[in-house]
Structures are given as structure tokens and as C-alpha cells.
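Colleague: Residue numbers (this note's numbering), protein chains in the order written: chain A, 1 to 100; chain B, 101 to 725; chain C, 726 to 893.
Be careful, since some hints might not be right.
[Claimed, not checked] Distance ranges between label pairs, derived from CB positions: (1) R88/A x E861/C: 50 to 60 Å; (2) G97/A x E728/C: 28 to 38 Å; (3) L833/C x T680/B: 28 to 38 Å; (4) A42/A x S856/C: 20 to 30 Å; (5) R87/A x R750/C: 12 to 22 Å; (6) L873/C x G97/A: 25 to 35 Å; (7) L82/A x P854/C: 36 to 46 Å; (8) P806/C x H682/B: 19 to 29 Å; (9) T96/A x A828/C: 26 to 36 Å.
In case anyone wonders, no lab produced these hints; they're calculated from the structure. Backbone N, C-alpha and C define an ideal beta-carbon position, used for all residues, glycine too.
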Amino acid sequence: MDRTQFLLGLSVALFCLGLAGVIVRRNALVLLMCMELMVNAAVLTLVTVAARNHDTAGAAYVFLIFVVAAAEIAIAIPIVLLLARQRRTLDVGAYTGLGG
Amino acid sequence: MDLLTAIVVLPLAGFLVNGLFGARLGRGFVSAVGCGLPILAFAAAIRCFLSLTGGDGAPLVSSAYTWGTVGGQAFGIAFWFDRLSAVMTLIITGVGSLIHVYSTGYMKDDPGYARYFAYLNLFLFFMLMLVLGRSLLVCFVGWEGVGLASYLLIGFWFEDPEKARAGKKAFITNRVGDAGFLLGMFLLYHALGTLEFDGVQAAFANGVPAALSADLVGILLFIGATGKSAQIPLHVWLPDAMAGPTPVSALIHAATMVTAGVYLVARLNGIYSHAPVASEIIAIIGVATALFAATIAVTQTDIKKVLAWSTISQLGYMFLALGVGAYGAAVFHLYTHAFFKACLFLGAGSVIHALSGEQDIRRMGGLARRIPVTFATFAVATAAIAGIPPLAGFFSKDEILWFAFASEHGGSPLLWAVGAATALLTAFYMFRLLWLTFLSPSRMDEKTAHHVHESPPAMTGVLIVLAALSAVGGFVALPHFLSPLLPAATVAEGLESYETPLLVVSVVIAVTGLVAAALLYGQGPARADRLAARVPRLHRLLFSRYYVDELYDRVITRPIQWLSDAVFLRLGDRFAIDGTLHGLAALARGAAGQLSRVQGGGVQRYVLLAALGVLIGVVWVWRHV
Amino acid sequence: MTETLLLYLFSAGAVAGALVMLVARHPMRVALGLIGTMLSLASLYALLGVHVIAVFQVLIYVGAVMVFMVFVIMLLDTRDPSFVARYSRLLVPGALAAALLAAALGALLVRYGLRGPRVPGSADFHLQPFSAAFLERYWLHFELTSVLLVIAVVAAIAVVRGRGGRDG
């Protein structure tokens with residue numbers, strides 16, 4: 001099978017596994033990590049295509065994504081911490097404030 | 101606007117002015133407008149009458165405006181003044197004006213004074229429209245309108261639920277009759293293509309037109325007449341209508357509105373002269389009603405109710421005459437009846453006024469000396485209705501009885517016999533009324549007796565005028581005057597010789613009634629009560645008016661109420677309509693409840709839904725791009 | 726040949742790590758699974774020839790982000806209801822949705838996916854040429870990301886401090 005095709009398929013698989021993880025797991029931190037997995041899957045796609053097309057833009061974009069991911073996690077974790085402290089649990093089932 | 105239309109419009113103007121501004125402009129203004137305009141209408145009527153008789157006898161016609169055009173046929177509001185409508189108009193405006201003047205005295209202390217005169221003028225407007233209308237359509241507008249005015253006036257003191265109910269009863273009973281009227285109109289229009297009276301009369305000039313059953317039309321229109329003129333079986337509203345003010349009873353339920361049915365049949369004599377079955381039915385119902393009402397009147401104890409049943413009975417006489425083809429005689433009796441019945445009602449009003457509201461004749465008596473004018477006029481009118489010559493009632497009633505016997509168009513000795521028996525009873529109960537009210541010893545209580553006083557001149561003056569008319573009105577040869585329009589009924593072969601003997605019999609009957617009443621009631625109701633105690637069941641039957649109201653209640657009213665309640669209200673309205681709405685609302689609420697679970701609050705649920713959305717998006721793009 | 730083998734090997738590693746993430750009970754194990762996946766991905770990047778990104782993946786993602794994650798997991802109490810009951814109420818629907826999405830995307834991929842090599846560009850992914858090209862063309866983006874990082878720091882402090890300590 002063609003390498004590009006295979007890696008894109010892998011990316012799809014990882015993305016969907018990450019998505020499944022976001023939906024099925026209860027722990028808030030695990031949820032965050034699954035979201036990271038999804039980001040990684042997207043990055044894989046980018047890198048694959050950039051490598052195929054010998055395009056710098058793709059790689060540069062990936063670099064920027066790394067930075068953003070770092071910034072994001074730097075904020076997300078404090079938020080989760082505060083939430084956990086307030087609700088006294090990491091169980092996302094208990095976080096129902098966004099209800100209509 | 102010409103004079104003819106003015107006759108009709110003047111009372112309408114009175115209604116509008118008094119109705120809209122009367123309450124603010126004071127009693128004097130209301131009286132001036134309320135009485136003045138009918139008097140002006142009367143003057144206009146006289147003027148038209150003179151030009152009618154002075155000229156070549158052609159009727160005056162005036163078209164007010166075109167109401168509408170349906171498929172090429174124009175329907176207009178037009179008025180027609182021939183001899184018959186002249187007589188009716190003069191009676192309506194003349195007696196009407198008198199009663200208006202009487203009302204200024206009678207209703208003096210009533211807070212609804214302006215409203216009363218407004219309604220009374222409204223009634224005059226519609227009644228004039230009825231008799232002056234050129235077509236059945238305009239006549240019907242007036243027909244309905246007088247029904248409305250009657251309802252408003254019967255229930256004038258509407259705060260009393262009994263009185264309001266009486267008004268409703270009158271209106272609804274009339275409506276039942278109107279169904280017949282409408283059906284008759286439809287058939288007539290369908291066959292002849294016109295509703296105008298002259299057109300209808302012309303169509304029947306040479307026998308029955310094709311595609312039309314004169315009998316059927318006749319019967320249907322007569323059903324309308326039974327409603328308006330209180331004949332069996334739709335007579336039940338008239339006694340209850342006595343709940344209204346007494347002048348209203350005099351004007352509407354004695355002199356004018358109830359005669360509308362008689363007018364209708366007389367006007368359409370072209371149809372009825374070719375409808376033997378319908379005519380026979382009219383005659384039979386007329387004479388049966390006359391007897392029926394007379395038997396009831398003998399036992400009644402409310403002065404106005406006696407007069408109400410008497411009215412029903414006299415209307416029966418008019419229909420008897422119509423049924424045997426003596427249209428002129430019927431109108432003649434209508435004319436004399438207007439005078440003496442109005443006089444009787446207004447006299448009763450005067451008595452009630454004098455006794456501060458007492459209406460039960462068992463508690464009256466001894467009033468002859470104390471209210472002499474009222475007594476004298478009442479006595480004259482009583483004699484007139486009893487048929488004592490040479491007062492007006494004698495002439496008209498005798499004419500009817502003669503034609504009932506001898507007319508070729510359906511007269512028979514049986515009709516005469518029933519009519520004569522009724523005449524006997526009429527004389528009897530009217531003189532009973534006179535004796536119990538005026539001539540027997542007083543049975544009033546102290547306080548009432550102390551306050552007895554004669555009525556003001558506005559009232560007594562009118563009584564005197566009407567009594568005079570009751571006395572001499574019979575000398576006007578009305579049937580002869582009307583004969584170009586309403587040909588006299590032909591007398592059967594060989595019966596001419598009976599005329600004088602029957603005349604004598606009529607007089608004897610009248611006198612017998614007087615004597616019997618005097619003997620039985622001369623000293624008060626005691627002797628009659630002992631007599632009644634010997635036949636309690638009969639007395640109760642008559643006193644309860646043959647239980648007709650109870651019958652209607654059981655057979656018609658209660659089933660309809662049950663239908664309305666169980667079927668229409670419970671089943672139709674609450675269960676079906678409300679149930680559907682509640683069901684829809686519950687459905688919406690349920691659906692909303694289910695849908696709101698989408699926003700439960702769990703983040704993971706939202707992510708799942710987003711993923712599903714993306715999935716749908718992907719599939720869509722794949723299929724359509 | 727070896728390349729294909731390595732490709733499959735590291736792909737399997739990535740998937741295995743992802744599966745561990747889904748199945749493990751202890752968050753630490755989940756973190757390790759994610760680290761494993763990330764390292765596998767870095768290897769794949771290297772295999773593709775984009776060594777720069779591979780290294781940055783390890784340095785930034787594994788070295789900073791996941792370490793931070795591990796620290797937080799250490800700090801928090803494991804005796805949490807989410808430890809006993811790993812899965813939420815949406816286990817079946819979630820798995821189903823993910824599977825369907827995978828199927829849909831996979832089908833799309835099979836139909837329209839990219840195939841074969843294409844050599845239009847001539848980018849060199851070695852460090853020096855890449856850095857030169859990066860800073861030559863994307864310097865503005867680079868500067869903006871540093872602003873973003875400052876914002877992140879400020880925001881993190883603000884979030885943590887919360888209501889108290891305004892005057893500190």
C-alpha cells in the first residue's frame with residue numbers, strides 16, 4: 001500500500017480513537033490526554049502531506065501547532081485543577097454546569 | 101326624500117336621537133322627540149292617504165334605495181302605499197302616537213326613560229317598514245325588526261331575570277315561525293322570480309302559476325304568522341310578554357305587532373284564494389285558538405294576563421275571517437281591535453298605576469267611584485270587545501261570524517258555532533274583569549286603598565280618545581273601502597236569509613255574557629270560587645293554560661338542553677376540541693421535554709453530538725460533492 | 726523493505742498506545758500510553774524524513790506537555806470515583822460514533838485519498854535549511870506565537886490565583 005495512504009489511514013484511526021476516548025472516559029485528565037491524541041493525529045496528517053509534497057509550509061505549521069498546544073495545556077490543566085478542587089472530583093459526569 | 105319614505109324614517113330618526121343623546125338631554129327633550137316624530141309621521145300618513153283617495157286610486161310608490169343586485173335581479177328597499185297599507189299605517193302611527201303620549205305619563209319615574217322611547221320609536225320604524233314594504237323582503241326586514249324591538253321592550257326591566265327570560269321566549273318562539281316564513285319566501289321566489297307584492301298578486305290573478313303549490317306556500321307563510329300573531333302552537337310567548345311595561349303591551353302586543361300576521365295573509369290574498377287547504381287550516385287554527393284562549397282567560401287572575409289571552413283569542417277571530425276568504429272583515433276587526441284593546445291595556449295600566457303596582461284582580465274592586473275616567477273608558481272598551489251594539493266591536497265581530505257561517509270559501513255552521521261560543525266566553529270574561537276590578541266591593545288592603553288616585557291627563561286623555569274611537573269606529577265601512585283590493589267573500593247560495601237572525605244571536609250572546617258575569621261576580625270572586633271548587637280539575641287545567649308550556653318544556657326544551665350539554669358541550673367542546681388542543685400542547689410539552697435532554701449538561705454528550713454532526717457532514721459531502 | 730517494516734512497527738506502536746489510553750484505569754498508565762504514541766509518531770516523522778519535527782515532537786510534546794501532565798496526575802488524588810468507574814454513560818454510543826466516523830473517513834480516504842509521490846517542492850527538512858526557510862518566511866507567525874505564550878502564562882496565573890490575592 002502507498003505510504004501516504006497508509007499514514008493517512010493511521011491518522012484517521014488515531015483521531016477516532018481519541019474521539020472515542022473523549023466520549024467514553026470519565027476522568028478529566030484522561031479526557032485532556034485524549035484530546036491531545038486527537039491533535040497529534042491531525043499533526044500526523046499534516047506531516048505526511050508535507051513530506052509528500054516537499055512543502056515547508058506544512059512543517060512550519062506543525063511547529064506552530066506545537067507551540068499552541070503547549071500554551072493550551074498550560075491553561076487547560078489549571079482550569080481542570082480548579083474545577084476538580086471546586087467539585088471535589090475529577091469525574092466529568094459531575095460537571096453539569098453547562099446544562100440548558 | 102318623499103313623504104312616503106318620511107313616514108318610515110321619522111321614527112328611525114327618533115330612535116337614533118333618543119338612543120344616542122336622550123339620556124343626556126333630559127326628559128322634556130326625550131318626550132318631545134319621542135312623541136313628536138310619530139305624530140309627524142301620522143300627519144304625513146294622513147297627507148298620503150288624502151292624495152291616495154283624492155287621486156285615481158293608484159298606489160303611491162317610493163323607492164328608497166337598491167339594497168343589492170344578485171345575478172341580475174335587483175333587490176331594493178321600496179315602499180308601497182295602497183288602501184290596505186294606508187289603513188295599517190294610519191292605525192300604527194295614530195294609535196302609536198297616542199300610546200307614546202300615554203307613556204310620557206306612565207313611564208315618568210322610570211330611569212330608563214330615554215331608552216324606552218328610543219326602543220318604542222325603533223319599533224314604529226320597523227312596523228312601518230313591515231306594512232309599507234313593497235316586497236316580501238322589506239316586509240321580512242320589518243318582521244324581524246319588530247321581533248327585535250319586542251324583545252328589547254319586553255325585557256325592558258332586564259335586571260329581573262324573569263322579565264329577561266320572557267323577552268327571550270318571545271324572540272325564540274318568533275324565530276321558529278320565521279323559519280316557515282323564510283321557506284315560503286324561498287319557494288315563492290323560486291317559482292315566480294319576484295318577491296314584490298304586486299308581482300305576486302299579478303302572478304296569481306289567473307289561477308295558480310306553474311311549478312308552485314299555493315297551499316304549501318300558504319301554509320309556510322302562515323307558520324310565520326302563527327309565530328308573530330300568537331296562534332296555536334306558537335302562542336306561548338304572548339302571556340309572558342306582559343312582563344314588559346303596559347304601554348308596550350298595548351302597542352305591540354295588542355294593536356300592532358301581533359297583527360302583522362293578519363296583514364301578511366291579507367296582503368297575499370292572491371295566494372290564499374287559490375289555496376283551499378291552507379285557508380281551511382288557517383280558519384280551523386284561528387277558531388280553535390280563539391276558543392282555547394277564551395277558556396283560559398276565564399280563570400286568569402292577573403289583569404294583564406286576562407287581556408293577553410283575550411288578544412290571542414281576538415287574533416284567532418281575525419284568522420278565522422282570513423281562512424274563510426273574508427279578508428276585508430279580518431282587517432276591519434284588526435282596526436276595531438286596535439282601538440278597544442289598546443284602550444283596555446292602557447286602562448289596565450292606569451289601574452295598576454293607581455294601585456301602586458297591584459295587578460291581581462282578586463285584590464281590586466270598588467274602583468269605579470275612585471278612578472271614574474279610567475272606569476268609564478274601560479267600560480266602553482269592554483262593551484266594545486264583548487260585541488254590544490252599536491260599539492265598534494259589534495260590527496267587526498258580527499261580520500266575521502257571518503262570513504264564518506256563510507262564506508263560499510269554507511264557511512260552515514261548525515265554524516260559526518265555535519266562534520259564537522267564543523263570543524259568549526269573551527263577553528263573559530271581559531265583564532268578569534270589569535266587575536272584579538271596578539264594580540265589586542273593594543278587596544284592596546288599607547294602604548293601597550288610601551293611595552288610589554286618578555292618572556295624570558297625559559294618560560286619561562289618551563284613554564278618552566281611544567274609548568271614543570272604540571265607540572264610533574265601527575261606523576266606518578272599512579271592508580267596503582278595502583274591497584277594490586280585498587274583494588269581499590262571496591256568500592254561498594241560499595244563505596243570505598240567515599244574516600239577520602245571526603245578527604240577533606250575536607247581540608243576545610253579548611248580553612248573556614254581560615248578565616252572567618254580573619250575576620257571578622257582582623259581589624266579588626267568592627261565588628265563582630265556590631263554583632270552581634266543584635270542578636277543581638277543570639279549573640286547574642284552564643288556570644294552568646292546558647299545561648302547554650310544561651309540554652314544550654318537557655318535549656322540546658329539555659331534550660335540546662340535554663343535547664347541548666351532553667353532546668355539544670361535554671363531547672364536542674370539552675372532549676374533542678379542548679381535548680385536541682390539550683393533546684397537542686401535551687405533545688409539544690412531551691417533545692420539548694425529550695428534546696431538552698440534548699442539553700443535559702454533560703460535556704461528553706456534546707462532544708458525541710458534535711461527532712455525529714461531523715459524521716453527517718462527511719457523508720453529505722461524499723454523496724453530493 | 727526495512728522502511729516498510731519500520732513503518733508498520735511504529736504505526737502499531739502508535740495504535741497500541743492509543744488503545745492503552747482507552748483501556749487503562751490509572752491516569753498514569755494513560756499518560757504513559759500517550760507518551761508511547763507520541764514517541765511512535767515522532768519515529769514516523771523521522772521515517773518520513775522530517776527530522777526537525779520529530780525532534781520537536783519529543784522535546785516539546787513529550788518533554789514539556791506530557792511531563793506537565795504527569796506532574797498533575799501525581800498531584801491529584803487517585804481515589805476518585807472516576808477511577809472505579811472508568812467509562813461514562815455514553816460508552817456504547819461513543820464507541821459507535823467513533824467507529825462510524827472512522828468508517829466514513831476511511832471510505833473517503835479509499836476513494837479520494839492521495840496516492841503516489843509527488844515532487845513539486847524541493848524543501849529540505851534538515852535543520853539548517855529548514856530553520857532558514859522558517860525564519861525567512863514565517864517570522865511573523867513565530868513572533869505572534871511568543872505573544873501567545875506570554876498570554877498563556879498570564880492567563881495561567883490569573884486562573885490559578887482566582888479571587889484571592891489581587892494585590893500580590
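Colleague: Does each hint hold? Answer for all of them.
Modeller: Hints, one by one, checked against the model:
no.: 1; hint: R88/A x E861/C: 50 to 60 Å; result: holds, 52 Å
no.: 2; hint: G97/A x E728/C: 28 to 38 Å; result: violated, 51 Å
no.: 3; hint: L833/C x T680/B: 28 to 38 Å; result: violated, 48 Å
no.: 4; hint: A42/A x S856/C: 20 to 30 Å; result: holds, 24 Å
no.: 5; hint: R87/A x R750/C: 12 to 22 Å; result: holds, 21 Å
no.: 6; hint: L873/C x G97/A: 25 to 35 Å; result: holds, 27 Å
no.: 7; hint: L82/A x P854/C: 36 to 46 Å; result: holds, 44 Å
no.: 8; hint: P806/C x H682/B: 19 to 29 Å; result: violated, 43 Å
no.: 9; hint: T96/A x A828/C: 26 to 36 Å; result: holds, 32 Å
Going down the numbered hints, you'll see the structure goes against 2, 3 and 8, while the others check out.
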